[in-house]
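Participant: Chain residues, written in single-letter form:
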Amino acid sequence: MTSARNNILSKLKSQVKDADYSKLPAEQGFNYPQQSFSEQLEQFITHLENNHAQIIKLTRAEIGKVITQELAARNITSLLYGDNSQYTQDIEQSDSSITLNKYSFDFAQHKERLFNDTPAGVTGSRCAIAQTGSIVLWPTPDEPRTLSLVPPVHFVIVDAKTLYPSFGDLIEQQQWADKLPTNAVLVSGPSKTADIQQTLAYGAHGPKELIVLLLNS
Amino acid sequence: MSVDQVNPNDESKYAASARAFRDNVSRDLANDELRSNFRGAMDYLVDKRKTALSDSDELETLREQCKLIKQRCLVKLPHLLEALEEKLTANGIKVHWAETITEANEIIAEIIESKNGKTVVKGKSMVSEETALNDHLESRDIECLESDMGEYIVQLAKEHPSHIIMPAIHQNKKQVADLFAKNIEGFEHTTDVDALIQQGRNVLRDKFCNADVGVSGVNFAVAETGTLCLVENEGNGRMCTTVPDLHIAITGIEKVVEHLSDVPPLLSLLTRSATGQAISTYFNMISHPRQQDEKDGPGEVHLVLLDNGRSQMYSDDELRQTLQCIRCGACMNHCPVYTRIGGHAYGTVYPGPIGKIVSPHMLGLEATTNLPTASSLCGACGEVCPVKIPIPKLLLRLRQESVKPKGAPQVMKGQGSGRKTSEAFIWSVWSMIHKQPLFYRTSMWFATRLRFLMPKKLGAWTVARSAPKLAPKTLHERIKEREQAAKGK
Ligand code: SF4
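These protein sequence lines are chains P and D, in that order. Residue 1 is where the first sequence starts when you use our numbering, and the numbers rise one by one after that. Residue 1 is where the second sequence starts when you use our numbering, and the numbers rise one by one after that.
Keep in mind the hints are simulated off the structure, nothing from the lab. Hints may contain errors.
Claimed, not checked - Computed list of lysine-lysine pairs in DSBU-like fashion (alpha-carbon distance at most 30 Å, straight line):
1. D/Lys76 to P/Lys13
2. P/Lys57 to P/Lys208
3. P/Lys208 to D/Lys48
Unchecked claim - For each label pair, taking beta carbons as the anchor points, the in silico distance ranges come out as:
4. D/Ile426 to P/Asn7: 39 to 47 Å
5. D/Lys158 to P/Asp20: 48 to 56 Å
6. P/Asn50 to D/Pro409: 52 to 60 Å
7. D/Asp32 to P/Ser10: 48 to 56 Å
8. D/Lys158 to P/Asn50: 52 to 60 Å
9. P/Lys13 to D/Glu188: 27 to 35 Å
10. D/Gly379 to P/Asn50: 28 to 36 Å
11. D/Val429 to P/Asp20: 44 to 52 Å
12. P/Ala26 to D/Lys457: 52 to 60 Å
13. D/Lys50 to P/Glu49: 19 to 27 Å
14. D/Arg340 to P/Asn50: 29 to 37 Å
15. D/Val46 to P/Asn7: 38 to 46 Å
16. P/Asp20 to D/Ser443: 47 to 55 Å
17. D/Arg22 to P/Ala26: 27 to 35 Å
On a predicted model such as this, the values are computed, not experimentally measured, just so you know. We put the beta carbon where it would ideally sit given N, CA and C, even for glycine.
Take these sequences, add in the hints, and give me the full structure.
Facilitator: Here is the structure:
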């Protein structure tokens with residue numbers, strides 16, 4: 001379809017031949033008031049809770065215990081988790097009543113199992129955003145994309161130290177423009193829809209529950 | 001397939017339904033259930049937006065910023081498209097270009113067939129509605145399933161979306177329950193929304209697991225990084241772009257932005273204007289197909305860039321502003337006409353104010369000549385638009401285009417098609433009279449003296465109004481009389 005390409009581009013180019021980019025007006029963003037860390041954390045938690053996520057504050061040493069409790073409360077006995085990732089060893093501290101399955105397989109060969117036989121998954125996170133209550137997932141070969149998407153319950157471990165005021169600040173400070181991964185996702189609650197008569201329902205396609213394990217020391 | 005084989009005049013199925021606008025309006029205005037569904041939904045959305053954008057300083061600063069971002073990206077559009085193509089290609093994503101809807105459908109069908117794909121799951125994509133992709137794929141024996149809950153409902157009902165953000169807004173839960181009962185095997189009857197969604201979820205999860213191909217739209221395509229950004233709440237967009245081994249995205253050429261840093265302000269106004277959310281549940285950024293040693297994600301990712309009338313909008317400085325649109329739907333939520341007639345009456349893919357300004361470029365002014373006139377020009381749409389598109393002004397401009405005389409410079413397809421000889425004649429007489437004082441005074445004198453000849457019925461005007469009555473004397477006469485009386489005192 002090179003001719004379609006050329007036709008479109010030449011039509012567009014003929015319209016802006018003389019455009020002078022230096023004459024473009026200056027763009028001004030809104031200056032949000034500075035907030036202390038605790039205000040930001042509060043904002044982060046409030047947004048997530050309003051969006052129906054469950055927040056549990058804990059220390060790193062408690063990860064295994066809390067996961068065990070939360071799974072037991074839901075009558076879930078197995079958990080899918082990532083290999084070699086930041087919190088792998090902490091997750092492995094969970095009770096022996098939980099069957100721990102490592103995501104050490106190729107998705108295509110185990111689709112059915114992931115869709116039908118995996119009630120819960122746990123991932124870490126890269127960072128978080130206070131202004132919108134968002135958690136940044138940055139999937140890796142160790143914690144693949146489907147680990148946070150297919151299981152109906154998603155535990156996500158967030159370190160409060162990685163909180164940024166806004167998405168704009170985050171992109172700038174971490175220089176995202178230089179290198180983005182295959183997929184990055186901002187998650188701000190469990191999956192939801194209001195497509196039937198504007199009535200909110202959770203668990204449309206993605207996880208029905210988002211349980212945020214918030215490390216705040 | 002080469003372009004020569006494609007018939008660029010292949011008319012969209014929406015042209016015929018847009019021509020039937022007036023009949024559609026009468027039909028839908030008479031439907032009380034439909035009207036109450038829309039009223040309820042619009043009140044809800046207007047309220048949500050208002051709460052989310054309560055700080056007017058912030059709102060106006062962001063609107064101005066977002067307008068300027070979009071205008072910058074449009075001035076640079078051809079270069080950004082080239083940069084985007086280069087970046088995406090370097091990232092391993094294949095880029096295709098289509099001038100017409102037929103070309104776009106053809107490209108997508110060929111990619112799917114080359115991989116022996118038989119089943120497609122679709123995330124929400126209005127551009128694929130524009131091309132009527134589902135119809136095309138079905139005609140080639142490729143099963144195509146909508147996976148956004150609203151789109152799924154609309155597909156089961158064999159309809160098209162009535163709103164660009166909430167496709168099934170015209171149906172209430174009882175209607176959805178009846179629809180599911182007819183179409184989902186083993187459906188347990190309920191009008192509880194949670195239970196309805198769960199049953200829809202179960203059907204669709206199965207499809208996600210087994211589909212060969214995922215098709216999605218794009219909200220922003222970032223030239224700087226070669227990234228496709230998708231805004232959604234349900235997770236079906238993530239499913240479509242993650243689970244099947246082949247992902248095909250389709251979008252209009254105006255969706256490209258220059259920098260990654262352009263995204264946060266646009267995203268913030270998009271979700272808040274659309275549904276009053278600070279951000280959508282998921283903001284999905286895709287920059288590569290599956291890399292070596294990654295365990296999931298599609299092995300192939302394609303992007304189809306569609307023109308379909310957009311380069312025509314681009315060719316006129318005023319009409320170009322149409323391309324600033326980020327498809328938030330706020331203009332329809334606030335439109336008194338849309339709220340009353342609903343989304344299907346327009347007959348077009350994009351309903352409401354935005355539909356009235358884009359559809360004439362996509363379908364031609366001949367098929368859509370009534371749309372720009374279906375507005376009271378109250379200005380609500382322009383006031384809420386997050387990128388400050390002067391929609392009322394563009395409606396006036398399109399009205400002018402539709403009655404332009406033959407031989408005027410070519411601006412758009414179908415221009416002048418609303419021109420009526422009788423109307424043109426009346427206006428030329430009107431203008432002649434108004435240019436000549438003697439003519440004007442004489443004709444006004446006669447008009448006031450012969451006012452008893454004024455008919456009581458004036459066609460459509462008097463269906464819901466009484467006919468205007470001329471005054472017994474002209475204003476000029478009365479002022480003169482008053483001045484004389486004052487002098488006489
Ligand atoms: S025209 Fe403006 S308000 Fe309407 S959908 Fe587009 S961006 Fe939103």
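Participant: Taking the hints in turn, state whether each one holds.
Facilitator: Cross-check of the supplied hints:
With a C-alpha separation of about 9 Å, the suggested pairing of D/Lys76 with P/Lys13 holds against the 30 Å cut-off. Annotation: proposed proximity of P/Lys57 to P/Lys208 holds, straight-line Cα distance about 20 Å (limit 30 Å). Restraint check for P/Lys208 and D/Lys48: satisfied, since their Cα atoms lie roughly 23 Å apart, inside the 30 Å limit. Separated by about 41 Å at the C-beta atoms, D/Ile426 and P/Asn7 satisfy the suggested range of 39 to 47 Å.
Checking the proposed 48 to 56 Å range against D/Lys158 and P/Asp20 shows it holds: the Cβ atoms sit about 51 Å from each other. About 54 Å separates the C-beta atoms of P/Asn50 and D/Pro409, a value consistent with the hinted range of 52 to 60 Å. The beta-carbon spacing between D/Asp32 and P/Ser10, approximately 52 Å, falls within the hinted interval of 48 to 56 Å. At roughly 37 Å, the beta-carbon separation of D/Lys158 and P/Asn50 lies outside the given 52 to 60 Å, and the hint is violated.
Judged by the Cβ atoms, the range 27 to 35 Å given for P/Lys13 and D/Glu188 is violated: they are separated by roughly 58 Å. Range check, D/Gly379 to P/Asn50: about 33 Å between beta-carbon atoms, so the 28 to 36 Å window is met. Taking the beta carbon of each, D/Val429 and P/Asp20 are about 46 Å apart, inside 44 to 52 Å as hinted. For the pair P/Ala26 and D/Lys457, the supplied restraint of 52 to 60 Å holds, since their beta-carbon distance comes to about 58 Å.
Distance hint check: the CB atoms of D/Lys50 and P/Glu49 are about 22 Å apart, consistent with the given range 19 to 27 Å. As the Cβ distance of D/Arg340 to P/Asn50 is approximately 33 Å, the hint placing it in 29 to 37 Å holds. Separated by about 41 Å at the C-beta atoms, D/Val46 and P/Asn7 satisfy the suggested range of 38 to 46 Å. Taking 47 to 55 Å as the suggested C-beta distance range, the pair P/Asp20 and D/Ser443 conforms, at roughly 51 Å.
Checked against the hint of 27 to 35 Å, the pair D/Arg22 and P/Ala26 fails, with Cβ atoms roughly 47 Å apart.
Comparing the model with each earlier hint shows violations of hints 8, 9, 17; every other hint is respected.
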